[in-house]
Structure formats: structure tokens, C-alpha cells
Amino acid sequence: MKTPVASFTVVLAAAAIFSTMILCCGCAAVPQKDREFLADPAMRPVQDELESSLEGHNQPLREGSAGGQAGDGGGCGC
Amino acid sequence: MGVEDHLRRAGLAALTICVCAQAADPIRERLDIRYHRYHDANGVDDDLGALLFVKKLAGGFACQWEQTLDAVSGASRALGKDLRGEPRPGDYDAVTGASPIAETRHASRGAFVYAGHTVGGSLGFYYSREDDYVSAGPSLSLQREFFSGNFTLGAAASSNSDDFHPLGRFTGLGGRKRVRSADLSVAQSLTPLTQASAVFSWLAWDGYLGHPYLPPVAGDGTLLEENLPDRRRGAAAAAQIVQGYRLGYLLGSLSLSGKRYADDWGLRSAEGEIRWSQHLPGETLVRLRGRLYHQDGAAFANVPSADQRYRTADVRLFTFTSMLLGAKLAASFPDAWSEAWYLPDRWDIGYEGLIRDTRGDDLASIQPGAPTNGDPARPRLYQLYGSDEYYRQGTWAFGMGFDY
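Protein sequences appear in the order of chains A and B. Numbering (our numbering) for the first sequence: 2 to 79. Numbering (our numbering) for the second sequence: 14 to 417.
It is possible that some hints are incorrect.
[What the hints assert, rightly or not] Taking CB as the label site, the calculated pair distances span:
| hint | chain 1 | residue 1 | chain 2 | residue 2 | range |
| --- | --- | --- | --- | --- | --- |
| 1 | A | 34 | B | 188 | 52 to 62 Å |
| 2 | A | 32 | B | 68 | 28 to 38 Å |
| 3 | A | 37 | B | 184 | 21 to 31 Å |
[Said to hold, decoys possible] Pairs of lysine to any residue, SDA-like flavour, derived with a Cα cap of 25 Å:
| hint | chain 1 | residue 1 | chain 2 | residue 2 |
| --- | --- | --- | --- | --- |
| 4 | B | 68 | B | 42 |
| 5 | A | 34 | B | 291 |
| 6 | A | 34 | B | 128 |
Think of the hints as simulated: they come from the structure by calculation, not from any bench. Since the structure is predicted, the reported quantities are computational estimates derived from the model, not experimental observations. Where is the CB? At the ideal position from N, CA and C, for every residue including glycine.
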């Protein structure tokens with residue numbers, strides 16, 4: 002089997018860099034009164050909770066993808 | 014004692030709880046109903062119905078219930094026929110595990126959700142059951158906002174206990190496994206029309222991790238027994254940025270996201286997605302979505318032979334690329350219509366088509382004695398998909414929602 006160390010290192014390094022970038026922006030706050038658009042469905046990272054839940058379980062099963070679907074349990078799908 | 018026994022002893026107390034909180038979001042009482050219909054080039058259909066019910070309680074708490082029923086039908090009977098002859102009623106397909114009759118899955122997910130001023134969280138429980146598979150487990154998530162709500166830090170964890178007890182000629186195989194995951198998420202509002210987020214995940218599987226319905230096929234065409242490691246560890250990192258814009262009074266957005274995954278089985282994947290959303294007059298929202306996914310298969314995902322330590326024919330562990338394109342239209346009925354005709358407050362319709370490209374998996378030119386499903390150049394080595402070719406699938410989706 003391939004060693005996971007190299008790939009994990011890349012993943013974690015990318016994660017650390019992105020987190021640092023976001024944290025550095027943390028003090029540049031958008032005033033509360035200017036945040037109304039951020040709550041709009043068009044702006045939300047997940048636009049529909051139920052749709053996202055169904056896709057999260059079924060799409061990997063039907064597509065046959067194994068790339069990091071959190072929880073991967075919850076049913077055989079066969 | 015099986016998973017179900019534990020649940021019975023607990024008096025199904027678990028049925029009250031579950032996952033999926035986005036703490037920064039105010040809780041909205043509603044009933045959402047969805048129906049998805051999946052189809053693919055092998056004649057497989059999956060009818061999936063689900064509802065989500067959210068009810069506010071006192072003090073910032075709410076309870077929510079998600080119920081899902083899906084029925085997968087007729088998967089790859091042709092492949093089973095090719096290997097074993099005509100399947101009999103109630104028999105199970107040698108390759109896919111899908112029977113000639115539909116297999117159903119019932120899944121329930123309940124949760125207590127809390128959304129305070131700057132803190133949120135959820136405690137939930139999931140339970141699903143199929144004829145040959147039971148899964149259950151708790152989940153927990155916590156979120157805290159900082160910098161006047163501009164920065165959100167979140168953590169989530171889940172643990173599922175699965176019990177896979179295959180039927181038909183595979184009775185006696187299978188086993189139990191435990192699937193654990195932990196996520197750390199950050200989200201930042203960068204401008205009034207820009208927000209970025211990232212999620213880092215750790216995943217662990219222990220126990221029986223195989224799929225005995227998918228026996229590897231040796232070079233002479235005989236079926237081998239699958240054998241996989243009983244331990245797997247993986248990690249993933251995902252990032253997303255959403256940039257909004259305004260066309261007059263109409264809001265639109267462009268979302269870019271990416272994800273990388275790696276595990277100690279040697280499986281690697283990369284995923285990129287672009288999503289365009291645009292409000293139109295009349296409370297209508299159009300969404301177009303494109304996604305590209307590629308995975309490099311596990312170290313042992315290759316031509317199987319009896320002398321290999323690990324061997325598999327599970328399609329999920331092989332190399333492939335997939336391309337998805339989708340469109341969705343969401344809208345609201347006028348209040349007067351909804352009240353007069355009991356129409357839903359919201360509805361949506363969408364379709365997503367996917368092409369799975371297994372070219373380059375290096376399996377087509379080998380296995381001279383393997384079953385070919387009528388095409389000598391295309392031995393079918395795993396689950397529903399032929400090797401070294403394109404494969405089509407798609408999903409229609411309909412949804413409606415009631416606010417109250």
C-alpha cells in the first residue's frame with residue numbers, strides 16, 4: 002500500500018494556509034447592517050439543507066466516488 | 014448483540030435527535046419535501062423520497078426530523094445474467110448485489126438544535142435499515158461566532174455502527190464496521206458580498222470494510238472472494254468562496270469550491286465545483302452547477318488474482334473521472350395563491366447529468382477469460398460500470414416547502 006504521509010502532509014499544509022488566510026481576515030469585520038445579502042439563498046454555501054443531505058448520501062453511492070464523504074456509513078446503497 | 018438489539022434496549026430513545034446544524038442560521042420552522050429519481054445507462058432506477066420537519070421549541074432550541082425512503086431497482090441484471098445465468102425471483106446479482114426486485118432503505122434522522130446569539134449546535138441520531146444492512150449512530154456539532162458574526166468556527170463529529178449481513182449466495186459473509194468522522198470548519202465574511210469557508214475532515218473505518226456482493230473476477234472468469242484491510246484512515250480538506258453581485262435589485266452569486274482527499278489505502282481524489290446562482294423577478298432563483306471529480310484508485314485496485322493479499326472489484330476503489338452538469342429552478346408562489354389553494358410556499362425542480370469516465374483504468378485489455386457482457390474488449394470487472402468507457406447517469410429532483 003502507498004504511504005499516506007506525503008498526501009496527508011499536502012492536505013494539512015493546504016488546510017493550514019487557508020485557515021491562516023481566513024483567520025487573518027477575522028478582524029476586518031463586515032458591519033451587521035451590511036450583512037443582509039450574505040444570508041440570501043444565493044449566497045449560502047449550502048442552499049438547501051435537505052437537498053444537500055440527500056446528495057451527500059446518494060451521490061457518492063451512485064457515482065461510486067470514495068473521496069472523503071464524511072461519515073460514509075448510513076447504508077449500503079446497493 | 015447486534016445494532017438493532019442496542020436500539021431496542023434503548024427504547025428507540027434515539028429517535029429524537031440528530032445532525033446538520035448551521036448554527037449561524039436562524040431556525041426556520043418548516044416542512045420540506047423532496048423527491049429524487051436517479052437513472053443510469055444500466056437500467057438502474059433509484060426513487061428517493063424525503064421530508065424534513067423543523068419545529069421551534071423554547072429558548073433558542075428546536076427539534077428536527079428527517080425521514081428518507083429510497084428504492085433501488087434492477088441494478089445490472091445483465092451483468093448477473095452474464096456471470097450466473099438468468100437471475101431467479103428473489104435471487105441476488107453476483108456482481109452488483111442488487112436483486113431483480115427493488116431494495117429499499119428507510120432512514121431516520123432526528124436532532125435537537127440550538128441557535129443562540131453567537132453559539133449553536135446540534136445533537137442527533139441516525140438510523141437506517143435495509144434488508145441486509147443496518148446503520149446507526151450519534152452525531153454532534155458545535156459552532157461559535159466571533160468578530161460580530163463575521164467569523165464562525167465549527168466542529169462536528171459522528172460515529173456510525175454498521176452491520177452488513179449479505180443475503181442470497183453471500184449469506185455468512187459481511188460483518189460489522191464502525192465509521193467515525195470529525196470535522197473542523199471555519200467561515201469568514203470578507204465583504205458584504207463575499208464569504209469564504211473551509212472544512213477539514215478526519216475519517217476512520219474499522220471492521221468489515223468490504224462488499225461481498227462484488228466478487229473480483231479472476232483471469233479465467235471465476236469469482237474470487239473479496240478481501241480488504243479491516244482498517245482505513247483518511248483526511249480531506251475542502252474550501253469554498255462565494256462572491257455575490259447585484260444586477261439592479263437582483264442578487265446573484267458565483268461559488269468556487271475544491272476538495273482534496275487522501276487515505277492510507279492509497280486512494281486520492283480531487284474535486285472542483287463552480288456554481289452560479291441568479292435571482293430573477295418574481296422570487297425565482299436559477300442555479301447552474303458544474304463539477305469535475307477525479308480519483309486515483311486504491312493501491313490494490315487492479316486485476317485480481319487468487320494469490321493477492323487484498324483484492325476487490327468495488328467500483329468505488331478504482332480510478333475514474335466524472336463530470337457533472339446540473340440546472341435548478343426554485344421559486345415561490347404568491348402568498349394569496351398559497352393561502353387560497355394550500356400550495357407550498359416554495360418549490361423547485363432540477364436535473365443533474367453525470368458522465369463517468371473509466372478510460373485509462375488499465376483493465377480493458379487484460380483478463381482474456383473474463384466475462385465480457387457481449388463485448389470482448391470490455392470486460393466488466395466491477396459493480397455497475399464497464400471498464401475503459403464512458404457511463405451516463407442522471408437525477409431528476411423535485412422539492413417543495415411549507416413555512417408555518
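Verification of the supplied hints:
Separation of residue 34 of chain A from residue 188 of chain B is about 57 Å and conforms to the stated range, judged on CB atoms against 52 to 62 Å. For residue 32 of chain A and residue 68 of chain B, the hinted distance range of 28 to 38 Å is satisfied, since their beta carbons lie about 33 Å from each other. In this structure, residue 37 of chain A and residue 184 of chain B break the distance hint of 21 to 31 Å, their C-beta atoms being roughly 58 Å apart. About 5 Å separates the Cα atoms of residue 68 of chain B and residue 42 of chain B, which keeps this hinted pair within 25 Å; it holds.
A C-alpha spacing of about 22 Å is found between residue 34 of chain A and residue 291 of chain B, which places the hinted pair at or below 25 Å, so the restraint holds. Our distance criterion of 25 Å between C-alpha atoms is met by residue 34 of chain A and residue 128 of chain B, whose separation comes to about 20 Å.
The structure fails to meet hint 3 from the earlier list, while all remaining hints are met.
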